[in-house]
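Single-letter residue listing:
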Amino acid sequence: MNTPVVRVVDLWKEYRENGQAVTQALRGANLEVAPGEVVALFGKSGSGKTTLLNLLAGLDRPTRGTVEINGRCLEQLGEAGRTELRRSRLGFIFQFFNLLPTLTAYENVFLALELAGRIQPQAARDALERVGLKGKEHRYPHELSGGEQQRVAVARAIVKEPSLILADEPTGNLDTATGDQILQLITERCRQGGTSLLMVTHTPLACRYADRILKMVDGVVTEDEKCR
Amino acid sequence: MRPWIAALLVTLLSSFPCPEAPAQETWKQAVGPWSWSFPRDHGAHPEFRTEWWYFTGNLRDAAGNRYGYQLTFFRQGVRLRASDPRNPWSLRDLYPAHFAITDARTGAFRYAEQISRAGPGLAGAAKGGLNVWNLGWSAKMEGSLIRIRAQHGGMGLELELVPRKPLVLHGDRGLSRKGPGRGQASYYYSLTDLATKGTIRTPGGGAPVSVEGASWLDREFSSNALTKDQEGWDWFSIRLSDGRELMLYFLRKKDGTVEQESSGTLVEADGRSLGLKTGEIGVEVLATWTSQRSGGRYPGRWRIRVPAAGIDLTIAPLVAEQELITEGSTGVTYWEGAVDGRGASAGSPVTCEGYVEMTGYAGSLGGQF
Amino acid sequence: MRTVTRSFLRHLYRRRSLSLLQLLGIACGVAAVVGMALSARSALSSFSQAVEFLRGKSTHTLERLAGPMDESILRQLAADPAVVSFAPVLERRLKLGNGDLVRLLGIDPFLDRAIRPELSRVPFERRTSRSFEDSIAFLTDERAVLIEAGLARTLGLATGGSVPTLKGPLRVVGSFANPSGEPLILMDIAHTQKLLGLGGRIDHVDLILDDEGGFASRWREGYRIQSKRQRQDTFGAMVGAFRLNLEALSLMALFVSVFLIYNTAMFAVVSRRRDAGILRSLGASRAEVAGAFLTEIALFGTLGGLAGSLFGFLLSRALTEVIGGTISSLYFFLRTAPMPWSWWVPAAGVAVGLGASLLGSLYPLVELTRTDPAVTLRGRSGSRGNRRRAWIVALAGAGCLIASILLLAFFSKRVYAAFIGVFGFLFGLSLLTGVIMVLAEPLLGRVLASFGGLPGRIAAGNIIRNLGRTGVAVAAFMMALSLSIGLGSMIGSFRQSLIWWMGTQLRGDLYVSNASDMEVPEGFYEEIRGIPGVGGVDTYRKAQVTYRGRAIHVAAIQAGVLQRFARFGWVEGGDGHWEAVKRGDVIVSESFARSFGASPGGVVTLEGAKGPVDLRIEGVFYDYSTEHGLVMMDRATYIALYGDRTINSIAVFIDPSEPRKRRILDDIRARAAARGLPVSTREQFHRNILEVFDSTFAVTRSMRIMAIVIAFFGITGALLTLFIERRRDFGILRALGFSTGQVARMTLLEALGMGIVSFALSSGVGTVLAVLLIRVINLRSFNWTVFYFPDWQPYAVTAATALAASLGAALYPIWKVHRTYPQMQIREE
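Chains as they are written, first to last, in my numbering: chain A, 1 to 228; chain B, 229 to 597; chain C, 598 to 1426.
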């Protein structure tokens, strides 16, 4: 259990247009997340937080540097390996929920299981129950409130019992009370399942739930002892 | 003896419910004696509605294989005068023709039919002498020699016919009655024994084969011969090995009886002829044959007796299948075929050959169309 | 079903108005192809069936090299050992009282039995309760005819009725069903000869031969023997250009349709980028996402294909009529039977729909699976890279253009290569659309801003920002509009060229008879020539002959008369050619010169009645009367060559200075009427030709309409997709304080902007297309030069269409905005 769930070494990401680097989103970021650890990552808009999450998920490719998830280097995993990793080891929670609008709450959750190769309808129902959506399984996203939609997203992330959940401003689109409930829900579920959580956020509420606070400034991650 | 042709051509032209409906124009009727004159009467008689030149014959090649042939030229008047006599297409007469060859060795029987109007020299019958033609088929008398020729597909014939006996006038000096009414008769004569020489080609037989034998020419013209209650008839032309010839015809009525006006003619070896009445002739059907194509059930073997002449013959077809279905010309289905047989004539055993025609066995005559 | 797939398919239902539109788009495209191809096939096959039906069971046809023949040859045919059956035929057109031309067949029903059993039996069909005279009336009544049942119905005729014709009334003694469906009048050969004044003559003899070689050796000189096979070849050559025209139109339909379907499929893919991103972040593999897309698109393609083949089948029924009308006016045949329903129709429809959909989704799909999901997750595709992509696409377009130009330059002799070249050229141009739009953005912004202020400028920006989508929509729309302009300009130029040509060749004051198989008695010609005050009479005789194995036409004229009165358009040289023509040289049409590589000074060898004759070519003239080639010679030369004295029509010229002109013309008119000959003035004659021309291009005009319909669906679908995708933008706009009216105006302007760009592009591309159609396609397939006459009309029509289509396409989105705008929020779902 000594292997960190996330290990990022000297990660660079440049966005290019017409062959010229126009934005340097990451400039040698380093980061480690231990198993079961809940980490909050603060930073100003445009500091490279979302880019880092995308790189961790293997959704984007770094310009330079390495990302290891569970001790395995993402670059070396290849596309199939990264897809497999996302399926079984990673959960995602977004600011804009990113539920599939054409699927019901239950189906959105079940989809994650199905992609991980686990055909377990009951697990999907249980996950929804655990996020407090019992009875709303068959509603479509547009029939749910923002908080409820994010709960579906949480259920979708935890249902496959991943080793890491990446959350991108999970409360950004919610009022404070709902945001607090959601944060509580996420951290609680992660602690219960021994899942690590890396949460990009603006809200000071997060300090209450995080084991460790990190800060991102100009594409570099630094430790931050105190919460603002 | 083919009085049916008149009715059938009318059938052809329209399906005319009543063949004897009065014609607007008047054709000459066969009543009273005809003043015969030859070669003039070998030629056409356009004042009569119906006329034909009917050649049949039994032939042999050098190897002894036997053949039969039939070549018939009809003339059927449609109107007494063409509407535009200067235009050869303008219709006055129609000329159907039938041609058949029987190959006894292979059992093959093939026939062809044609019909044409006069047109620009396409078909016709000359007046004044025997000269008829129909789209390449022809019969023409030169002196005492008759040349006949016909060709269709693979089959053909080119024959020279020379009479060995004087012609025979049937019935009452050539007036042959077909029914009890006035005009229900035809003028009818035959050349019963024509020495025949030439070549024939049978379908599938390839090259022309030289043949010899004897032919029979039936000539008849009339305007209105058939009655409504007659269903069909049987006609026999038989040459006996003792030099005699026998012509018989029976008109069968729809009620199953035989028309009393039916008759026959016996020709002696020296050419003298003798009329026969219905009562003097006995015909017994010994077997029947059913056509696969038309479904008609025809007599297939006969015993023919003329007690007054000491004739008792049993005859049978050379080939059972000699049926003609002539939808393309006269519209009639009939059986016309070469026959042979044996028996006694004037107390002596004889063999015989000839042709038999049977009509009205495959449906009624008016029902062909 | 996998949940991934389910999520995609549910999309179709959720956005059903868009789905329906997309489905309609595919269906329209498929319908155009199926309709066009099916009707082309059915028209041509019923035409060839009718031709075959007329020839019946004959194995060969015998005719004179030119003109009718004497019927006395029938006797020789009867005696010929190779002839199994023969049937003489007189085959002419007869003008009915109502002006229709109908085929008149003069036959001998007896000789015809072996050749055309169905037809020859008709005169003898059982008809009850008729007198004997009635029953043989066909053979005995000089004016008796049998008419085809359909024609009888059209004319409201029953047995015993009377058909008024230019040659007097004809008595109907019965009707018959023609299995080929062509209207026919059947007459006994004797009466036909009399009716047409052709005593003793026949047009051709249909034969059944069993020894072709033997027969040919006996009938070599002075006759043309055509086997069934050769006849079919001749027929094929005759309708070849027409068939090609139809095939080209089918191809164009396919081209535009594929574009539309491509457009539709691409929108389906593009509008689902975000969903794809989510799925990928959840761990769905590229193959799974692509598979789900493909399932959706395949379903679309299949359903659209099925619906389209049904529409297409219905469309073909209407188009078959149109094409039938064209065939009738070109080759004289009436009434085409539409193809019966077959399961091949939906099969083909699905193939087209599916194929085009998959093709259309290929590129966006590849692009989608290749991009990082993070990019797609950002929601709408950003404007970043749009311009660069537009340049890449334009580069491909330029490549395509160059390849097409090379193809046109080096392989243009082959018609199909020319077609491919033209299509490639169009396609290449369509790929340039994006770049042109990028370059034109400032201008467009200014134009739209002048219409609608700020919303207008936003609209222009939106068009460019969503170039991935708007570009294809504009390209498809532009293509359809170009087709409309190109076809319209081509037809217009052709029509103008034809009018010019008529003015050069057909300058007579009066024309007596003008159908090629009608006859003017020679005596009538002499009579007219003798009328004092008549300046000149040209006799025209046109006959089809064989030259180097191909059917061409030979025309006989009075060189002296034309020298004085006509002003031929010479490809080379001038009116001095007539002197040589009078001496026995010939002039040839441009189509002849091009097809056979003939040029002035060369020799054309024609098979004459007495063997081959060499004729010197004196000049080449422009001609649109036949694409098969025309050799024109003086009447004296013609008679010496073929021994045919037939005159099809005469043109009367009167000196302009002649004071009694009107009286003389009236006199000629009266004399012609007395002989039952049709007379027309120059104006009427020209109008008739233009009518034939117009009906010839009726199909092409239908094609134009189809292109517009397709374009309409294309642009509507594109706009709708854009608006559905941009609902969040609407939320922002609302937040900024835009009123519903302003958003509606913006929507409208966006549509208008796309319409304007499409039209502006299509004016250029359409003009190029018109020139290509005229200079390449027409020249290759017909071998004649059509002069390009610029005309504003196609552009005006197209502009109006573009305006109407783009405004019409904006209606639904505007309605949608009005209905839902108040509830729109700045949120995704």
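Incorrect hints may have been included.
In silico DMTMM-like links for lysine to aspartate or glutamate, alpha-carbon gap of 25 Å or less [stated by the list, open to error]: (1) K425(B) x E1169(C); (2) K654(C) x E388(B); (3) K215(A) x E148(A).
Here's a subset of chain A near chain C, in silico, CB distances under 10 Å, partners left out [to be verified]: (4) E79; (5) L85; (6) N98; (7) N108; (8) A116; (9) C207.
Since the hints were derived computationally from the structure, they do not count as laboratory data. Backbone N, C-alpha and C define an ideal beta-carbon position, used for all residues, glycine too.
How the hints compare with the structure:
1. K425(B) x E1169(C): 73 Å, violated
2. K654(C) x E388(B): Violated, because 35 Å separates the two Cα atoms, which is more than 25 Å.
3. K215(A) x E148(A): 29 Å, violated
4. E79: Cβ of E79(A) sits 7 Å from chain C, so the hint holds.
5. L85: 8 Å, holds
6. N98: 5 Å, holds
7. N108: 9 Å, holds
8. A116: Holds: closest Cβ of chain C sits about 7 Å from A116(A), inside 10 Å.
9. C207: Violated - the Cβ of C207(A) stays beyond 10 Å from chain C, reaching only about 27 Å at its closest.
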